Structures are given as structure tokens and as C-alpha cells.
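Q: Each chain, letter by letter, is given below.
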Amino acid sequence: MGDRIRVGSGAGYAGDRWDPAVELAEHGGLDFLAFECLAERTIARENLARHHDPDKGYNPLLAERMRAVLPACAARGIRVLSNMGAANPEAAGRRICEIAAEEGLAALRTAVVLGDDVQAIVAGMPELALLETGDPLESILPRMASANAYLGADSIVAALQTGADVVVTGRVADPSLFLGPLLYGLGWSYDDYPMLGQGTVAGHLLECAGQVTGGYFADPGKKDVAGLARLGFPLAEVAVNGDVVITKVAGSGGRVDTMTCTEQLLYEIGDPAQYITPDCVLDITEVHFAADGPDRVRVLGARARPRTPTYKVSVGYFDGFIGEGQMSYGGINAEARARLAGDVVRERLALRGIATDDLRIELIGVESLHGTGAGRPEPYEARLRVAGRTEDRTAAEAIGQEVETLYTNGPAGGAGAFASVREVLAVQSVLLPRDLVTASVRVVDGS
Amino acid sequence: MTVRVYDLAHARTGDKGHGVNVAVIAYDQAGYAHLDRHLTAEKVMAAFAHFAAGPVHRYPLPRLRAFNFVVDHALGGGVTANLSQDLHGKSLSSLMLTITLPDRDETR
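Quick mapping for you: the protein sequence lines, in order, are chains A and B.
Under the numbering used here, the residue at position 230 of the first sequence is numbered 230, and the numbers go up by one with no gaps.
Under the numbering used here, the residue at position 97 of the second sequence is numbered 544, and the numbers go up by one with no gaps.
So here's chain A without its partners, still in its complex pose (with noise of 0.2 Å):
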């Protein structure tokens, strides 16, 4: 394919815009554009949506997306890979022909990645231990409701190798959703480890798309972003040696410079000597930038020792429910009446013997993120939260409830209120042993 190849971020999670997508396919010049969708609850939350109906359970903008980009990638030969396939790759593989054709695209060929969800095989070993609470994980299997395996570039470069011209996963680890083009289209063994530390920092820095562009980073007066609302997507440039430059359409909203990938660097980093991915042990504490141009940055000084033995797989578990509710109070001593209203809802759930296994009251506009601190102004307004967690679902509905009631039963100026109840998807993660998951790879085409 060459020795310099261009790879694009059509998304950053589930529910991202795609007009950056489309104008990456148009003007970024891309020999592939991948799409990351898939946050740690998403594949749980698809689970559920699967058992209602076995053809969903993939990323509910997966039509919306390929409608936009297909035709632009087609008539340029861009190949396009994402895991929007969630907790059903097959159906998002099916779904994805299906539109092809519509568009007119019939002959379009999609591989599906299969072997992610290891449900089945983690079933049988009650006795592997969670990693955040050391606990079994036998003490939630009754309550499972998903176990995924984070796969790794190998994966995708085997999708690629079918001559597909999509490639639709389930869980694949971020980075590697964009290292697996790489080895593809470079040439890259799968063991040159100074070329997967260079590949994996590229994955890294693009897997959260707008936010290496100038997203998740705007302080006006402070950090300025020009053209914010046409914020655009990122794109690796990557040599056969190794030379990674991100960049950006030009004309795009947005910035690319040294501080948006420093802050993109080391988001989500733990240990720098020690991020952990299906494919290496990267190590960025040697990791620096470079200017290259207008929004060009060249990224040096990455390294990778070899993989661990243990893919890590996300366990997703019913844990309860959460009952919300929300109301609002201003003007003179506004945040004694929010404060009078939220120990009225508290003793009202007690009085109707509502059981809550934690029980969050807090104000808005006052302490809800960051707790109370001394020699703070009084608030103009204060919005009131009630959050509890609950066993079942009426409980929960009881907490919305009982602030919605104080309108007419609570302190004096009580507006906008708002209520909700969500089943809570909670997650913990194991390690299994390599060769317990098996990936593999299924094409299918519009016939």
C-alpha cells in the first residue's frame, strides 16, 4: 500500500456527531477511516437491547453513519472499520450490506469479527478473580449480563486480509481498532514491538477523535478553540519507520497542536510506564511532540514491551436500579428552601419505608461536583438532587416521585421538576488466559 498511509476517526463513542466523519472521507486523503463507539457499559446496555431483539444489540447510529460515509469511501477506496457491532457484530455485518445496497453499493463486502463475548467460557470459571474487588467473580454471575474480551490488532488485520471494505467488531480494544490498519497496510509484523508502541500512541490519540482536535479542551479567554462548532476529526499520518504525524482536514474546525495532544496523551493513562493493550505494554514516558506545520504534530519516543499472556475481558451485571430527581429554587434564600426540600424528601422515602442502599442529596450550582468548599458565595439559584440506589424499580420511581410532589407539598418557589429511573449496568473486568478466546472472521455481502 506504500509506506506512508493515512488513517481517520469517524468517532470518538456511541453517540458522536458523523458530519466530521463524512468530511474526513471527502477532503482528509484517508486510506481508512475507523469509527470507535464501544465505552465500557455500551456492549452491556447493547446486551439487553439483543435479548428484546436478536437482530439489534449493535450501535443504534450505526445506519445513520454508514448512509453518511459509505458512497464518499466507496468512490475513493477507503476502507472502513468500527465496533459498532457491540454485542452483535453479525446483525451490525447484515445491516451494513443491507444499506450498501440501498446505496447502491451492492457489491460492498463487510467482515464481521466474531469471539469477543466470552460468556460462555467465563461461566465456567467462577473462581477467577475481579480485578477491582479481588472478589470472584461467581459473586455476580447469576446477575451477568455481559463478558467481552478486549481483542486485539491481530483481529482486525485478519478482517483485512478477507479484502473486505468494512470491518464491524464487537469489543476490540480502542487503540487496536486502529493499529490493526496499520500492521495491515505497513506491512508490520505483529511482533516489531517499536513499531506497535509508535501504532498503539497513533490508536491512543485518535480513539477519542474530536478531543485530540480541540474538543474537551476549550477555556475561553484561557485556551481558545476557533470554530469549535465545526469541530473536526483527527487523522494519523504513519510511515513504514514508524513516523506518526496527527493532523486534521484542513479549513476543519478545531486545533492540533502540542497541548491538545498532551492532554490526549495521557487521558485514561494509569502507570505512563505501563498501559496495558491486547497487543503490547506501551510505555509513554518518553513520549514527546513535535510541531510539524498548521495542526500538524509529529509524535516521537514511544515504546512497547511484549504483550501479557491475559486478555482482559469486561464483565457487565445487573446491579439494581437508580431513582433520580430534580427541582429548582431561586431568588433570596434560595439554597435553605433547596436544602428544607431535600430533607423533606428524605424523610418522606423513610416514612413510606423506602429502602435505598445509598441515598445522594446535593445541590446544583452549589457543591454536586466537587463537594463543599469554605468561602463560597451564595447561590442565586439551586437546583436540588435527590439520587438513590435501590433493589427494584418502584423504589426507585419513588425517589422522582417524592420530589416531583414537593410543588405543592414542599418550601416555598419549587420549579422544573424532572424525574428518572435507569437499571444500573454495572462492570468489572477479569483476565483469561490468551488461549481460551479465539477470534475469528466471517464475511458477508448483500446476496
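In short, the hints are calculated from the structure, not lab data.
As the structure is a prediction and not an experimental result, all values here were calculated from the model.
Cut-off 25 Å, straight-line C-alpha distance, at most; resulting in silico cross-link-like pairs (PhoX-like, lysine-lysine):
1) Lys223/A x Lys537/B
2) Lys463/B x Lys312/A
3) Lys222/A x Lys537/B
4) Lys490/B x Lys463/B
5) Lys537/B x Lys463/B
6) Lys537/B x Lys312/A
7) Lys537/B x Lys490/B
Beta-carbon label-pair distances, calculated as ranges:
8) Asp292/A x Asp475/B: 17 to 23 Å
9) Ala500/B x Gly227/A: 38 to 44 Å
10) Thr545/B x Leu351/A: 35 to 41 Å
11) Glu138/A x Met448/B: 56 to 62 Å
12) Ala480/B x His27/A: 41 to 47 Å
13) Pro433/A x Ser541/B: 39 to 45 Å
We treat Cβ as the ideally placed atom computed from N, Cα and C, and that holds for glycine.
Starting from the known structure of chain A, arrange chain B on it as the hints suggest.
A: Frame of chain A, contents of chain B only:
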């Protein structure tokens, strides 16, 4: 006199299981040196103590003029079970930037 972390650095938060990481990136080398001297793990723990159990790990990254702080047990039960509005701790970089340190002039 004091100086805020906000005056010396920019910051970004990400979630890490039951904790968060907060990257603090100095605008210049003098700022990095000042942060290196005064923005200790203990100082950060004190600022986060009212809702994070800790501990706080501090990783200096001199090539980036940055520090990575990992604040453990800052999200009650991880992202999916947290009762906070801020499920991922995404606002916590803003808390980090409010920390005040001795002014640069007094530390020469």
C-alpha cells in the same frame, strides 16, 4: 501570596475503573519546576479528600512538562453505579486547577 494550578498548567481527566486520572500539563518549564516542588500527591489528596478515598499516585513526565495523577476510589462503584451527576469524573480537572500553591516569587 499564592498561585493557582490554573495559572501554571492545563489539565484533563479520564476515568480509570474506580478512580480517575488527572493530567496536569505546565505551560512552561518554570511552571513545571514550581509544580514539581509544590503539587505533591499529598496536596492533591487533600483537595480531593472529601469524595475520594485515594490513594493518589503521582507520575512526573518531564518530557511533556506534565504530571499524571491517579486518584483512586474517586467514583463510587465505577462509572455505571455512581450516584454522582459526573459519572466519569470528567469535571475533576477543574477541581485540580483550583488548588493553590505558594507564589513563585516566595520560593526562589
